[in-house]
Amino acid sequence: MQLQIENLTKKYEDYKAVDSISYTMTNGIYGLLGANGAGKTTLMKMLCTLLKPTSGTIYCDGKDILELGDEYRKKLGYLPQDFGYYPYFTAEQYLMRVALLKGILNQEAAKKISFLLEKVGLVKNKKMIKTFSGGMIRRLGIAQAMLNDPRILILDEPTVGLDPNERIRFRQLISELSEDRIVLLSTHIVSDVEHIANNIIMMKKGNFKFCGSRDKLLSDSDISAWICKVEHKISNELEKKYKVSSIKRDSELVELRVLSKDKPYREANDLL
Amino acid sequence: MTYYELKKVLVKPSTRVLGVVLVVVTLVVIALSVSTVEWVNDDGNVIKGLSAISKIRDEKEKWSGKVTKDYVANIIAKNTEYNNSVSADIKDAENIIYAKKQGFKDIREMINYSFSEFRDFDYYKIDELTEEDANKFYNNRIDNLKTWLDNEGSQLYNKVEKQYYIEQYEKLEIPINYEYSDGWKNLNNNASIVIMTSAIVICLIVSNVFSSEKQYREDYIFYSTYRGRNRGIVAKIKAGTILTTIIYILALLIFTLVTLAIFGSGGADCAIQASGLWKSFYNLTNLHEYLLIFIGGYVATLYLSMLTMFISALTTSAIFSSVISFIVILLPSIIMTLPLRQTTISAIGILPDQLLNVNNILRQFNVYCIGNFVILPITIMLCLYFLLTVVLIPLTYWSFKIKEVK
Numbered sequence: 001m002q003l004q005i006e007n008l009t010k011k012y013e014d015y016k017a018v019d020s021i022s023y024t025m026t027n028g029i030y031g032l033l034g035a036n037g038a039g040k041t042t043l044m045k046m047l048c049t050l051l052k053p054t055s056g057t058i059y060c061d062g063k064d065i066l067e068l069g070d071e072y073r074k075k076l077g078y079l080p081q082d083f084g085y086y087p088y089f090t091a092e093q094y095l096m097r098v099a100l101l102k103g104i105l106n107q108e109a110a111k112k113i114s115f116l117l118e119k120v121g122l123v124k125n126k127k128m129i130k131t132f133s134g135g136m137i138r139r140l141g142i143a144q145a146m147l148n149d150p151r152i153l154i155l156d157e158p159t160v161g162l163d164p165n166e167r168i169r170f171r172q173l174i175s176e177l178s179e180d181r182i183v184l185l186s187t188h189i190v191s192d193v194e195h196i197a198n199n200i201i202m203m204k205k206g207n208f209k210f211c212g213s214r215d216k217l218l219s220d221s222d223i224s225a226w227i228c229k230v231e232h233k234i235s236n237e238l239e240k241k242y243k244v245s246s247i248k249r250d251s252e253l254v255e256l257r258v259l260s261k262d263k264p265y266r267e268a269n270d271l272l
Numbered sequence: 001m002t003y004y005e006l007k008k009v010l011v012k013p014s015t016r017v018l019g020v021v022l023v024v025v026t027l028v029v030i031a032l033s034v035s036t037v038e039w040v041n042d043d044g045n046v047i048k049g050l051s052a053i054s055k056i057r058d059e060k061e062k063w064s065g066k067v068t069k070d071y072v073a074n075i076i077a078k079n080t081e082y083n084n085s086v087s088a089d090i091k092d093a094e095n096i097i098y099a100k101k102q103g104f105k106d107i108r109e110m111i112n113y114s115f116s117e118f119r120d121f122d123y124y125k126i127d128e129l130t131e132e133d134a135n136k137f138y139n140n141r142i143d144n145l146k147t148w149l150d151n152e153g154s155q156l157y158n159k160v161e162k163q164y165y166i167e168q169y170e171k172l173e174i175p176i177n178y179e180y181s182d183g184w185k186n187l188n189n190n191a192s193i194v195i196m197t198s199a200i201v202i203c204l205i206v207s208n209v210f211s212s213e214k215q216y217r218e219d220y221i222f223y224s225t226y227r228g229r230n231r232g233i234v235a236k237i238k239a240g241t242i243l244t245t246i247i248y249i250l251a252l253l254i255f256t257l258v259t260l261a262i263f264g265s266g267g268a269d270c271a272i273q274a275s276g277l278w279k280s281f282y283n284l285t286n287l288h289e290y291l292l293i294f295i296g297g298y299v300a301t302l303y304l305s306m307l308t309m310f311i312s313a314l315t316t317s318a319i320f321s322s323v324i325s326f327i328v329i330l331l332p333s334i335i336m337t338l339p340l341r342q343t344t345i346s347a348i349g350i351l352p353d354q355l356l357n358v359n360n361i362l363r364q365f366n367v368y369c370i371g372n373f374v375i376l377p378i379t380i381m382l383c384l385y386f387l388l389t390v391v392l393i394p395l396t397y398w399s400f401k402i403k404e405v406k
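Each protein sequence line maps, in turn, to chains U and W. Each step along the first sequence adds one to the number in my numbering, with nothing skipped, and position 152 is 152. Each step along the second sequence adds one to the number in my numbering, with nothing skipped, and position 286 is 286.
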């Protein structure tokens with residue numbers, strides 16, 4: 001399985017969310033890092049045929065994914081960042097509906113659903129999804145993405161809402177499921193991908209700033225991952241100067257995850 | 001997939017509330033028609049409601065039969081006899097006289113229509129008649145129409161239309177048969193309220209079929225699946241059509257069965273002219289009218305439902321699609337209250353809201369001509385809205401299929 005991105009651009013009026021990127025993915029886990037607004041979600045939406053590129057093409061085993069259409073989507077599993085669900089369904093009912101949408105027949109779907117519900121720890125839950133916690137909903141999202149045993153698995157911020165134990169379980173699950181498929185996983189938590197991703201892609205302002213293995217990322221350039229809590233004004237300076245993998249803002253402070261050889265700020269902590 | 005689409009809509013609390021509203025409106029319509037039924041006893045006391053229904057039915061059934069000239073003469077004679085049977089000085093004299101005449105109330109109404117001017121109705125006209133006048137009972141209907149078409153109606157209709165109306169009047173099979181038919185009369189007169197409420201409720205419910213993905217952010221998953229952009233959409237269209245059909249049939253079934261159970265089902269084969277539509281040029285029985293109302297209402301509701309789904313698929317907004325459907329249903333009725341030219345009335349006469357009220361179409365003198373060929377508005381509307389519904393299906397499919405998720 002090969003997914004080839006060629007000169008891919010997505011423009012919203014004058015703003016380029018994704019700017020002429022080219023990259024090829026083969027089987028393995030890819031960690032997509034980048035701050036909010038870097039273009040990760042736009043790229044993933046194009047990979048899932050939810051958005052059409054302004055220019056450029058994505059090829060799956062040499063064929064344009066938009067031309068492949070349903071055949072391409074048959075191989076696809078997707079967990080969006082903003083995962084929606086029907087609140088009045090139970091987890092089982094919801095998964096059965098998604099299974100049918102994925103073209104899985106009833107009997108096979110039932111087996112697959114009970115396997116995945118057990119895997120994500122929701123097997124005994126017969127309540128409506130609207131009563132679920134954030135973590136439970138995220139686990140349900142992961143289960144639906146895996147229903148069709150996808151050859152291409154795209155996970156947009158899959159660990160949001162999971163507690164530390166669930167995150168560990170999730171990493172194990174992804175590692176188990178990663179054989180013979182492409183897994184593209186976006187996150188702003190470096191530790192989510194540091195142990196499982198074979199390749200790391202750093203995205204900033206619609207461009208790929210770094211592509212390569214984690215070891216390469218760290219050894220070639222002696223880069224470390226740093227967490228900095230700074231004021232808004234300083235945050236702007238750090239964003240301009242360094243590769244920033246994520247940004248969280250509140251009214252007073254900004255939390256940045258910075259990839260840098262040197263300590264970017266005096267109170268920064270090394271993450272890795 | 002269709003099952004889950006149906007389930008998505010049906011388990012929603014708002015759908016259940018709308019279902020209850022529809023049942024309540026249906027039962028209120030029936031209750032109101034029951035509350036207006038009156039029966040007057042020999043002492044002139046008025047009894048209303050359910051207990052009056054069986055008594056008035058017994059009275060009316062005594063007058064079942066072919067409405068021949070002798071029959072009409074007999075009614076005129078009885079009317080005169082009863083009018084003179086009670087002194088005006090007696091308390092409740094009018095009610096006591098009415099008690100004697102209430103059995104032939106419907107035939108009395110036909111006679112009043114026949115002997116009044118075409119556009120008038122004189123409730124006491126029968127009191128001026130003699131038995132000899134009975135000979136003119138059926139001829140009056142045609143003569144009054146001709147007089148009206150030559151005068152007030154002369155500017156409104158062309159020669160072909162006028163000729164058509166006269167021919168239809170002449171085609172009425174006489175003598176018409178009279179039977180107690182209050183069940184069908186109530187059904188046909190009040191069905192439009194139930195049908196219109198059903199259409200509004202259905203549009204509100206199906207507006208969620210295509211907008212729920214966006215509302216619950218399910219569109220990301222839906223569009224990224226193998227069947228999402230094909231069978232997923234077909235399942236939605238099927239679900240919308242099934243919901244429309246089931247809700248419509250259930251509402252009409254409840255209304256029909258309860259109404260006929262209360263008022264009786266007799267008189268299905270009687271001409272509509274004997275059930276308050278004396279002037280109608282449509283030669284139909286009560287059962288025919290009911291079937292036409294049912295089919296017309298269904299075609300219009302299906303069209304409005306598909307229109308709602310189309311707008312909902314296009315805009316992914318349940319509110320916007322519901323508002324458009326509301327406008328399509330209600331605006332023509334508001335416009336019709338304004339002073340309009342005949343051409344405008346003719347144009348509005350084929351808007352879908354008219355099909356929701358077929359009983360009203362049967363009361364109007366409105367046909368469309370292509371040369372010497374006359375087409376009834378009901379025929380145009382049934383064909384037009386069925387075709388538009390069919391056309392909307394692929395439009396709905398494609399407008400949802402090509403959507404991007406931003």
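None of these hints come from the bench; they were simulated from the model. Computed from a predicted model, the values in this text were never measured in an experiment. Be a bit skeptical, because a hint or two may be false.
[Unchecked claim] In silico DSBU-like links for lysine-lysine, alpha-carbon gap of 35 angstroms or less:
1. U:Lys63 <-> W:Lys403
2. W:Lys406 <-> U:Lys240
3. U:Lys130 <-> W:Lys7
4. U:Lys229 <-> U:Lys240
[Stated by the list, open to error] With beta-carbon atoms standing in for the labels, derived distance ranges:
5. U:Gln2 <-> W:Glu404: 24 to 30 angstroms
6. W:Leu395 <-> U:Gly62: 32 to 38 angstroms
7. U:Leu105 <-> W:Glu404: 25 to 31 angstroms
[Stated by the list, open to error] Non-contacting residues of chain U with respect to chain W, defined by C-beta distances greater than 10 angstroms in every case (computed):
8. Glu6
9. Asn7
10. Met25
11. Asp70
12. Asp82
13. Pro87
14. Tyr88
15. Gln144
16. Asp149
17. Val160
18. Ser191
19. Glu194
20. Lys240
21. Ser260
22. Asn269
Quick reminder that beta carbons are idealized off the backbone N, C-alpha and C, glycines included.
Beyond 10 angstroms from every chain W Cβ - status for aspartate 70 (chain U):
violated (6 angstroms)
Quick check on a hinted range of 25 to 31 angstroms for leucine 105 (chain U) and glutamate 404 (chain W), using CB atoms only.
holds (30 angstroms)
Nearest-CB test (10 angstroms) between chain W and serine 260 (chain U):
With a cut-off of 10 angstroms, serine 260 (chain U) remains clear of chain W, as the shortest Cβ separation is near 34 angstroms.
Interface-negative label, serine 191 (chain U) against chain W, beta-carbon threshold 10 angstroms:
Given a closest Cβ separation of 26 angstroms, the condition holds.
Pairwise hint evaluation, lysine 240 (chain U) against lysine 406 (chain W), where the allowed Cα distance is 35 angstroms at most
holds (28 angstroms)
Verify this label for me: proline 87 (chain U) is non-interface relative to chain W, using a Cβ-Cβ cutoff of 10 angstroms.
Nearest chain W Cβ is 7 angstroms from proline 87 (chain U), so the label is violated.
Next pair to validate is lysine 229 (chain U) with lysine 240 (chain U); report whether the Cα-Cα distance is within 35 angstroms.
holds (16 angstroms)
If we take the beta carbon of tyrosine 88 (chain U), is the closest beta carbon in chain W still more than 10 angstroms away?
violated (4 angstroms)
Please verify that the nearest CB of chain W lies beyond 10 angstroms from glutamate 194 (chain U)'s CB.
holds (27 angstroms)
Looking at lysine 240 (chain U) again, its CB stays over 10 angstroms from all of chain W?
Correct as stated: the minimum Cβ-Cβ distance to chain W is 29 angstroms, above 10 angstroms.
Can you let me know if the beta-carbon spacing of glutamine 2 (chain U) and glutamate 404 (chain W) is within 24 to 30 angstroms?
holds (25 angstroms)
Check on aspartate 149 (chain U) being off the interface with chain W, judged by Cβ distance over 10 angstroms
Fine: 12 angstroms to the nearest Cβ keeps aspartate 149 (chain U) off the interface.
The structure fails hints 11, 12, 13, 14, 15 (numbered hints given earlier, in ascending order).
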